[in-house]
Amino acid sequence: MNKIITFWKKGDSYILLTAGGLLFSLAMVIFMISIILIKGFGSFYVSDVAEIKMKDNTIYLAEILEKEEVVLQSESGKSYKQEQTNIKIANRDIFDQDFKWINSQEISKIEYPQNVTVFERWEYGNLIAYVRNLNYNGKVYLTSDKDFWDTFSRAFEKSEENKSEKENLEEELNDVLSPVSEIQREIALMEINFSWKTKEIEKLKQEEGTLQAEINFQIEQLNKKIEQKVIENSEIYAIVQSGDGTEITLELEKVYRFCRPNDMNFIAKSGLYLTKIWEYLVEDPRESNTEGGVFPAIFGTVMMVILMSIAVVPFGVLAALYLNEYAKQGFVTRLIRLAIANLAGVPSIVYGIFGLGFFIYFLGGTIDQLLFSSKLPEPTFGTGGILWASLTLALLTLPVVVVATEEGILAVPKANKDGALALGATKWQMIRKIVLPNAMPGILTGVILAISRGAGEVAPLMITGVVKLAPTLPFDTSFPFLHLDRKFMHLGFHIYDVGFQSPNVEASLPMVYTTALLLIFIVITLNLSAIFLRNYLRKKFKTSAF
Amino acid sequence: MQELTKFQKRLKFENKVASGLITLGGYGVIVSVLLIFFFLVSETLPLFWKTSLEKDFEISGKTPISIGMDDYKELVYQVYENGIISYYNIKQKKNVKYDTLSLSAGEKIISSSSTLEKDEIAFCTDSGRIINAAVLLTPEYSGNSRSIVPKLVNYEDFYGKESGKSLENLAFDKNENGNKFWVWTSEKKNVFIKIFDLEEDLNYTHKLTELTGGTKITASAINAETEVLFLSDENGEIFYFDISNYESPELKSHWKASNNEITAISFLIGGNAVVLGSKKGEVEIWFQIRNENDDVVFTKTQVFENHNSEITKIVPSQRNRTFLTVDKSGELHLNYSTTSATNVKFDNEKKGIKLVDFSPTADVIIVADDNSKIGFFNLQNEHPEVTVNSLFGKIWYEGYSKPEFVWQSTGGSDAFESKMSLIPLIFGTLKGTLYAMLFSIPIAIFGAIYVSQFAPKNLAVIIKPIIEIMAALPSVVIGFLAGLFFSPLFEKNLLLIVLLSVAAPILFVVIISLWGLIPEDKRRKFSNTWELTFVFIAMVLVFMIFWGISEPLETLFFDGNVKNWLYSNFNIGYDQRNSLVVGIALGFAVIPIIFTITEDALTNVPKSLTSASLALGASKWQTVQRVVLPAASGGIFAAIILGLGRAIGETMIVLMATGNTPILDLSLFNGFRAMSATIAVEIPEAPVGGSLYRVLFLTALLLLIFTFIVNSLATYIGDKLRKKYARY
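From first to last, the protein sequence lines are chains A and B.
Sequential numbering from 1 applies to the first sequence in our numbering.
Sequential numbering from 1 applies to the second sequence in our numbering.
Keep in mind that the hints were calculated from the coordinates and are not lab data.
Glycine included, every Cβ here is placed at the ideal spot set by N, Cα and C.
Treat each hint with caution, since some may be false.
[Unchecked claim] For each label pair, taking beta carbons as the anchor points, the in silico distance ranges come out as:
id : chain 1 : residue 1 : chain 2 : residue 2 : range
1  : A       : P471      : B       : K9        : 51 to 57 Å
2  : A       : V332      : B       : I709      : 37 to 43 Å
3  : B       : L664      : A       : Q329      : 57 to 63 Å
4  : A       : V282      : B       : E140      : 22 to 28 Å
[To be verified] A few chain B residues that don't get close to chain A, going by computed Cβ distances all over 12 Å:
id : residue
5  : Y204
6  : F570
7  : R626
[Claimed, not checked] Listed below are several chain A residues computed to face chain B (Cβ distance under 8 Å; list not exhaustive):
id : residue
8  : G11
9  : A19
10 : G209
11 : A213
12 : I306
13 : Y326
14 : I336
15 : L395
16 : V458
17 : G499
18 : P503
19 : L519
20 : I524
21 : N527
I would like the entire structure built from these sequences, with the hints used as guidance.
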């Protein structure tokens, strides 16, 4: 006991206590990141489908997810424990929900039948069922037939082909119709705003009539073709049976992908796993963001940070140059440093509300009145868009760039600078040839840190132009290619939106974890490279100011 | 002077441009900060602008019975006692059209009463007839111009029961089903109500005198939406009728509201609050609240500035809770119910006021005096519901049983009374910050002390990047994990979490004390790695112990469910997304900030100081405690307040991990609504320039000012510290 008392008296125990604080922080970071890693990578896992027979003879075809003990209250008020199993029964359109908790004790048998098929559908999530037969080319194929699954794949390909052809035709139809609908829009606008210009309206209406007559034949032809494809596809269907015995007619065009997980070996599963990751990265979201990919969000995030960098880097570098090369150290520099410290501490939401009020309503509103007055009251720049979001974040990341650039500039040896000046270089020549190249790693560090901050920031974006689902990308092939006024999607907001605003949170949770994983992957990679760069910089000049 | 070469000229020019641009960049930073600050201020200031009432123009003519204007303020109608209606065009400054209400020979209109929206008016004539009509002013467009087309629509007319020459206190209203209600006092001083049921096409007329006891009725008001009738008598008694049963109106209650005669009654928009004006000039608002006995009673909730003489008229706005009160001497007050404020007092140059009304947009007040003059006054009253008191004080809102701090900015209907007290939001922000700081300060400072003072050098190299990554983790990811992963996890393992946060540190201290059992000389020989390993094992052990015992404990002492036990024994509710979760998540976000700055401050303590201490024989910890910590205390303080600044402004974590309920309650087990999250959620829907919009800007401004103080203080301390160290 005495030993312990002296141990505390001498204070050696406090060292252990402080070590506890450190270990706890580290444990939290590691715990959080591992959760995201496990759950994020786990969401693409192709799990086997079990046929679960209950004691009351109900049968579920489902993926078994987790087991958990819950405390229940019996009728007499006594509480007791029960182990429950969470299963994914899918088939949302039939069962109303994707997930179900069942009493583990009530399970009588679990089997993994080979021929269970999981269909990923364009709508209503997955369908888990036994395939009974296939109608294709007017013939009925039975599962017992030889080469049934080859035929099934062929039928699926055919229906996909039909579908894409149909979509092409529909696009063609839209192109044909677009001049007419443009005129119709014009007429509608005229009738609202300039209803007294009856002559001009009449003229427009005549024009509409002639155009309509010209394209009528084309429309008819296209409609016929589309209808043919629709009919063709309605004749490619499979009869499937869900776990509870319901027979369902499944048109193959409703299927996005199918697989028989119980029949797949490790290699096939890994292949599918990788395909899913790839799709996640390059495809558009489906089913209100809960399935499919996040390509538009990745694109929007990248686009936004690029625009942000274009705005913030010159500004930040100029400010840093001024502070260290031009200004006399004194009141003004103190003021600027204070301003930078304050900019760094301003809550991001305050930048957001400033961006909304100043950039969008004030600047955007003015631009609309000067340049886009014909479109008013529908705003062009007077509403959230990628330009305003980028500018807001540029302001937010300014201190990051300034501080990192300063470090770079300060690390440039004075001898080099004096040497340049002594040789007769102007100040600007000296900065361009000596300071900037040598401060490059510092500037780059700043850019990377700014990008990392910008990629992870959500609060200011959600009020300055981020949306849950943007119909178009801010950059495309139509003139002027870069659409600064468009709203965009963002990975961080995607997490918030899908995790907290979507109607079916449980089903979309895997997607959120994956997006979180992607986001922290980006952020950590950026930060590690910034750390690496900074270490390089410090090593190179060994005269660090910090 | 030698002529400069072209090249030299270019160099000189470039140099000039560059130095200009760079200077601009430097000053640009200051400009940005000032721009943010002054922009926020400029968006906030209109909230506190004074209400102004200024005469726009005046027309002269006979004083009308009823007056009104269109939405675009182009055309004014006036109904005179002889039934003539004139339409006055404001631009052309002349009457452009006339209409006539059909009256019998010699019949005169003596009073009128209309719905709040003025879509139907009941006129009362001196022959005891009630004539319902509407004057509709609809805009029509032809060519480039808009013109207001007036139209007189006649509805029913009838002779009031027992009407003779003097029919008094006429009140009329119509509800959205088209049912109409009239109430009047007959020549024989009996009170009658007539109800027209549109759907059934039935008329009911009831005599209410037996119910009121036969005293002299002095004022009446009717609300068709809530189907309520108010009568007042000469003794200051109020009679409150429920008229929803058309066949038999019911006297719900009556009470003495004033010692003086009530001379005017009016409902405010929404029909829940009623304004009373007395003979002595008192103005007060009453509405129904639930009292301690769970009875619903009318209670006096707001009292306004007194008039000097008898209140003759109370005119409510159809836009908001503004209302006008007029007294006998011709003084006019503009009041706002929520804030109990009299915003404008206006003395009509000692002339009596015959008639007062709002324009439909409620930004023009029309005043007709005895002197055949009708004045049109422009009213500037953008944000009457916001005052310093309504933002930071308790306000008695309609339907609430006592004055309270409430944030509920938007509601379903136009008549919604917006409640914008910043107190619940500030409280929420501070609550979240408090728990976050409680969690993060010890961990971060302990960790920083260890890394800077005791850790092996190669460990610090690994730890710093990890902490930097911790700082870089997007708050949306932390918030998402807190809201969707930790909240359900904590709910399931509530006892474990409570044990871990209360009992675990104690057990941890006990276990690490065991390290002291190893003889000192041996201990000193161990490398730091052994120490760390031991601490790690101790932590795991503590966790395992509590994990193991929490379930048996829960079954033994808490009936298997701590949540229910807490609720049934202490009435403590548990929300899944609560302050405990937020405190930890927000703390997680703050730890790296405190950690990094503290670590910097500790590392920068001059070596000469620590060496001196160690040389004098102090132990490592003694040196840290007596030399390093005091020397770095300023830096540590700066670290804490910078962390505080971050916690206060953090948005996504509090948005995702709290229930965002604006309550005033310090309990760990329920949520809160923070200022930052409120801005994020409500600003997209707030109409630009509206009260909510500006109040949210004010909220942002408060956050900005707070972080400004915090950051300037931290910068100041940092500078001082640097100077102090420079001595060594």
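Where does the structure disagree with the numbered hints, that is, which hint numbers, in rising order?
-> 2, 3, 4, 7, 10, 11, 12 and 18
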